[in-house]
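Top to bottom, those sequences are chains A and B.
Oh and the first sequence: position 96 is 96 in the working numbering, straight run, nothing missing.
Oh and the second sequence: position 6 is 6 in the working numbering, straight run, nothing missing.
Be aware that a few hints might be false.
[Said to hold, decoys possible] Only some residues are given here: those of chain A computed to face chain B with a beta carbon under 8 Å: (1) Tyr-34; (2) Gln-46; (3) Gln-102; (4) Phe-104; (5) Pro-106.
[What the hints assert, rightly or not] In silico negatives: residues of chain A with every beta carbon more than 10 Å from chain B: (6) Gly-16; (7) Ser-29; (8) Lys-70; (9) His-85; (10) Ser-86.
[As the list claims (entries may be wrong)] In silico BS3-like cross-links for lysine-lysine, where the CA-CA straight-line distance does not exceed 30 Å: (11) A:Lys-13 to A:Lys-80; (12) B:Lys-45 to B:Lys-71; (13) B:Lys-68 to B:Lys-57; (14) B:Lys-45 to B:Lys-57; (15) A:Lys-70 to B:Lys-45; (16) B:Lys-45 to B:Lys-68; (17) A:Lys-70 to A:Lys-26; (18) B:Lys-71 to A:Lys-26; (19) B:Lys-69 to B:Lys-57; (20) B:Lys-69 to B:Lys-45; (21) A:Lys-13 to A:Lys-70; (22) B:Lys-69 to A:Lys-28; (23) A:Lys-28 to B:Lys-57; (24) A:Lys-13 to B:Lys-45; (25) A:Lys-26 to A:Lys-13.
What the hints contain is simulated information worked out from the structure, not anything from laboratory work.
We put the CB at the ideal spot given by N, CA and C, even for glycine.
Take a look at the letters that make up each chain.
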Amino acid sequence: AQTIHQWPVAEIKAVGSPLSLGCTIKGKSSPNLYWYWQATGGTLQQLFYSITVGQVESVVQLNLSASRPKDDQFILSTEKLLLSHSGFYLCAWSPGNNQDTQYFGPGTRLLVL
Amino acid sequence: GEQVEQLPSILRVQEGSSASINCTYENSASNYFPWYKQEPGENPKLIIDIRSNMERKQTQGLIVLLDKKAKRFSLHITDTQPGDSAMYFCAASGGNNYAQGLTFGLGTRVSVFP
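My request is simple: use the sequences and hints to build the entire structure.
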């Protein structure tokens, strides 16, 4: 069975500080991977997607960047956090091969002060 | 791209009755329509989905209908229980680009009262 793990579970960071959030999926090779952001009480906004190692496509940047250094790993980062970055960050995966069902990881809750 | 509208934003229903949520989409090439349930503090969980080759799907007290002509799909929760109280999101695929991901509606907060 596939498992998806996100780290950290939660973070409190200062405005202007750097950020790195991680996502790992086990039990599935060559998944499609996605980053979503959710404001408190809001909808899910897709940020990035990746269909293969080293390749990331941006949907909405929000002054963030993403990388896929390994087949099973997806990283979201920024060098300078803004207050507006606060929210719930969700990684999701889909099987690829034109199968678009997506499953979400547990998420990382971020508060920027 | 895709735009998804979801209504109502808030839905209060009495326990045992039905709850219905409606979504419309713009891109006629969209062909996959999942529904997610999100409880407070949790991640969204896929509860049911429907593809464009179907008009109706049912599982465990949930019914999804798809009207491709009207670009409309809906979720019906039959015999609602307190455990059905949550946020519900509809979504549509990006159409021809399977990899691109989902566009979500703004969500419906469902509250089931005794």
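Hint check results:
no. : hint                 : result
1   : Tyr-34               : 5 Å, holds
2   : Gln-46               : 5 Å, holds
3   : Gln-102              : 6 Å, holds
4   : Phe-104              : 4 Å, holds
5   : Pro-106              : 5 Å, holds
6   : Gly-16               : 28 Å, holds
7   : Ser-29               : 16 Å, holds
8   : Lys-70               : 18 Å, holds
9   : His-85               : 19 Å, holds
10  : Ser-86               : 15 Å, holds
11  : A:Lys-13 to A:Lys-80 : 10 Å, holds
12  : B:Lys-45 to B:Lys-71 : 24 Å, holds
13  : B:Lys-68 to B:Lys-57 : 14 Å, holds
14  : B:Lys-45 to B:Lys-57 : 18 Å, holds
15  : A:Lys-70 to B:Lys-45 : 26 Å, holds
16  : B:Lys-45 to B:Lys-68 : 25 Å, holds
17  : A:Lys-70 to A:Lys-26 : 12 Å, holds
18  : B:Lys-71 to A:Lys-26 : 36 Å, violated
19  : B:Lys-69 to B:Lys-57 : 17 Å, holds
20  : B:Lys-69 to B:Lys-45 : 28 Å, holds
21  : A:Lys-13 to A:Lys-70 : 26 Å, holds
22  : B:Lys-69 to A:Lys-28 : 36 Å, violated
23  : A:Lys-28 to B:Lys-57 : 27 Å, holds
24  : A:Lys-13 to B:Lys-45 : 28 Å, holds
25  : A:Lys-26 to A:Lys-13 : 28 Å, holds
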